[in-house]
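Numbering (our numbering), first residue to last: 5 to 583.
To be clear, the hints were calculated from the coordinates, so they are not data collected in a lab.
By construction, the Cβ of each residue, glycine as well, lies at the ideal position given by its N, Cα and C atoms.
In silico DSSO-like pairs for lysine-lysine, Cα to Cα no more than 27 Å straight-line: (1) Lys141 to Lys39; (2) Lys464 to Lys291; (3) Lys131 to Lys552; (4) Lys141 to Lys131; (5) Lys552 to Lys291; (6) Lys349 to Lys313; (7) Lys141 to Lys8.
Quick list of the computed label-pair ranges, beta carbon to beta carbon: (8) His342 to Leu108: 51 to 61 Å; (9) Glu250 to His158: 19 to 29 Å; (10) Gly433 to Gly273: 33 to 43 Å; (11) Ala378 to Thr277: 28 to 38 Å; (12) Ser460 to His342: 35 to 45 Å; (13) Asp123 to Val186: 34 to 44 Å; (14) Ala231 to Arg333: 23 to 33 Å.
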Amino acid sequence: MTDKYQATSMRDLLCGSVDRTVIGQRISVCGWVAKRREHGEHLAFLDLRDRSGIVQAVVDGSVDVRSEYVVRITGTVSQRPEGTLNDRLATGEVELTDCVVEILSAAEPPPFQIDERSDVDEQVRLKYRYIDVRREKMQRNLRLRATVNATLRHAMERQGFCEVETPLLWAPTPEGAREFVVPSRLHPGEFYVLPQSPQIAKQLLMVGGFDRYFQIARCLRDEDLRADRQFEFTQLDVEASFVTQEDIFSFVSAAVLDAAEVATGERPGEISTMTWAEALDRFGTDKPDLRFAMDLHDLSGAFVTTQVKAFSAPTVKALRVPGGAEFTRSRLDTLTEHAKGLGAKGLAWFRITSDGLDSPLARFLSSDESAAIAGVDDAQLGDLILVVADEYVTACKVLGALRLVIGAPPVSQGPHHYVWITEFPLFEGVDEDGHLVSAHHPFTMPHLDDLEWIESDPLKVRSQSYDLVLNGWELGSGSVRIHRADIQSRIFSALGISDEEAQNRFGFLLGAFKYGAPPHAGFAVGIDRLVAIFAGEDNIREVIAFPKTQSGTDLMSGAPKNITERQIRDLRLKFAPKV
RNA sequence: GGACCUGUGGUGCAGCUCGGAGUGCACGCCGCCCUGUCAAGGCGGAGGUCGCGGGUUCAAAUCCCGUCAGGUCCGCCA
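Please construct the entire structure, taking both the sequences and the accompanying hints into account.
Following this line, the structure appears as structure tokens:
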């Protein structure tokens with residue numbers, strides 16, 4: 005149990021913990037002046053703020069302190085006079101009287117107000133992040149993150165996992181995400197890279213006999229940033245030996261559900277599973293948001309012999325929008341543009357009215373086709389049916405995206421709905437050179453029932469890889485790894501990676517596997533995203549102390565910046581002219 | 001690499017469609033008044049390269065072109 009008062013040589017308790025239980029005591033508190041309310045020469049109220057909250061001090065008006073001055077106030081905790089209690093303040097029953105105010109640091113007025121009411125542009129917040137994080141919301145978010153970290157760590161230790169730190173300076177493995185590169189001073193012309201994840205390191209630890217490893221690990225990827233993606237992010241990285249997929253689900257579920265319970269006060273039920281194929285078919289995505297229904301429905305059967313050109317496609321899928329018949333024409337046009345932007349040839353819409361289907365296409369449909377559309381998902385009067393006819397995957401993905409645009413509640417609303425997505429395809433397609441591309445990474449174990457198709461029908465091969473999805477966000481992914489040399493070499497061969505190339509890229513891992521590789525599997529949970537959802541934030545920057553902008557700059561430090569001539573010389577770098 | 005949105009005193013916004021004096025609102029800041037406030041109140045005041053550059057025009061915050069910065073998304077993220 006943490007010391008409630010957090011006393012130090014300079015203070016006796018935190019501002020927010022000054023309450024009735026200490027009435028009558030002479031105490032000192034330290035903090036920032038949140039607000040000053042003057043009433044003439046001999047009365048003023050100071051609101052003193054620290055990370056725990058605010059307490060009111062009654063002081064002589066002659067004290068010259070301004071907003072954000074850092075002060076130490078020594079006063080007597082007193083019951084507030086009748087009629088002056090403030091029930092909006094946790095400390096509103098008491099106040100400090102007979103105060104002595106020591107100015108520890110004067111302060112200029114801050115560039116923006118530190119209260120929850122003012123909505124400040126993120127550009128300004130990021131430039132003065134050290135002021136921004138004084139705000140209650142940022143304090144809450146970053147402390148929530150610390151609590152989640154501690155809970156995850158404790159859950160892994162409880163399950164017998166050993167935390168091992170792995171290097172930040174690692175060897176390039178040109179595969180997957182673009183790596184950040186670090187030039188070597190002692191070996192000019194050669195480079196380290198910062199790890200995209202500790203993937204290979206943790207597999208080596210399995211060979212090394214650490215049969216339950218975890219790490220709260222920083223990962224770095226030099227890819228474009230998004231609301232849910234920064235250059236550097238933090239994962240609960242997990243790997244275990246002599247396990248199956250189900251064991252991994254059990255370990256990771258325990259940790260994530262512990263964190264959820266601590267963060268939300270409520271322990272979610274057991275996490276359900278859904279295959280990748282089902283997720284795509286029902287929700288048009290591999291990361292379904294299950295907070296709301298609106299499943300996709302397949303109408304292909306009703307349109308096999310259609311005369312309507314727009315519906316002559318391998319797949320015809322439909323989405324029912326409850327109450328959507330009142331969408332305006334311009335809203336429907338916007339949705340149509342959105343669908344086209346995602347690769348659809350068009351978007352057909354049908355309003356369910358008392359006079360039947362209302363749509364520009366309605367008069368072209370056969371009665372069977374009309375009936376199929378009107379019957380989608382038990383459609384009711386006032387609903388809207390959206391239809392996309394295309395290749396299967398396109399039809400699913402386009403309607404899946406529209407489903408989110410139309411139906412998804414804000415991040416901060418609705419229940420937390422976790423789901424494991426299983427049986428991803430092993431290969432996600434073919435690159436320009438005609439080589440297969442791994443969906444996860446080349447060490448992912450194929451589904452044992454599908455081994456026979458690796459050569460004959462590789463795109464049909466399912467893998468033993470899996471994602472954890474929360475409210476439409478991919479929280480993390482993992483897989484059972486290949487520990488058998490014969491299977492690994494068939495996979496490399498399917499990927500068009502020669503023995504020589506495999507040795508060159510992953511030689512030290514493959515070499516290690518010769519010396520006794522246990523069957524193993526792992527997972528990594530994105531902590532930034534997890535905490536963001538717990539905090540009700542739709543942007544991970546809100547749970548990161550010092551995040552970068554979308555263009556990868558740090559508005560506070562000015563990074564990235566030039567280095568000195570001396571540094572350039574030491575590293576023996578030279579620069580190509582700008583193109 | 002691409003699409004879209006935003007940029008106006010310290011902060012947040014309005015003004016921009018239909019060009020006419022840096023016009024307005026709220027907060028903050030500074031000064032004065034005020035002995036129970038807590039989004040304190042009253043009076044007064046300071047504070048501007050309308051992101052930047054170019055163009056159109058008698059005249060540009062406003063229209064056009066370019067550019068920079070921030071954001072959302074597509075591509076990218078094994």
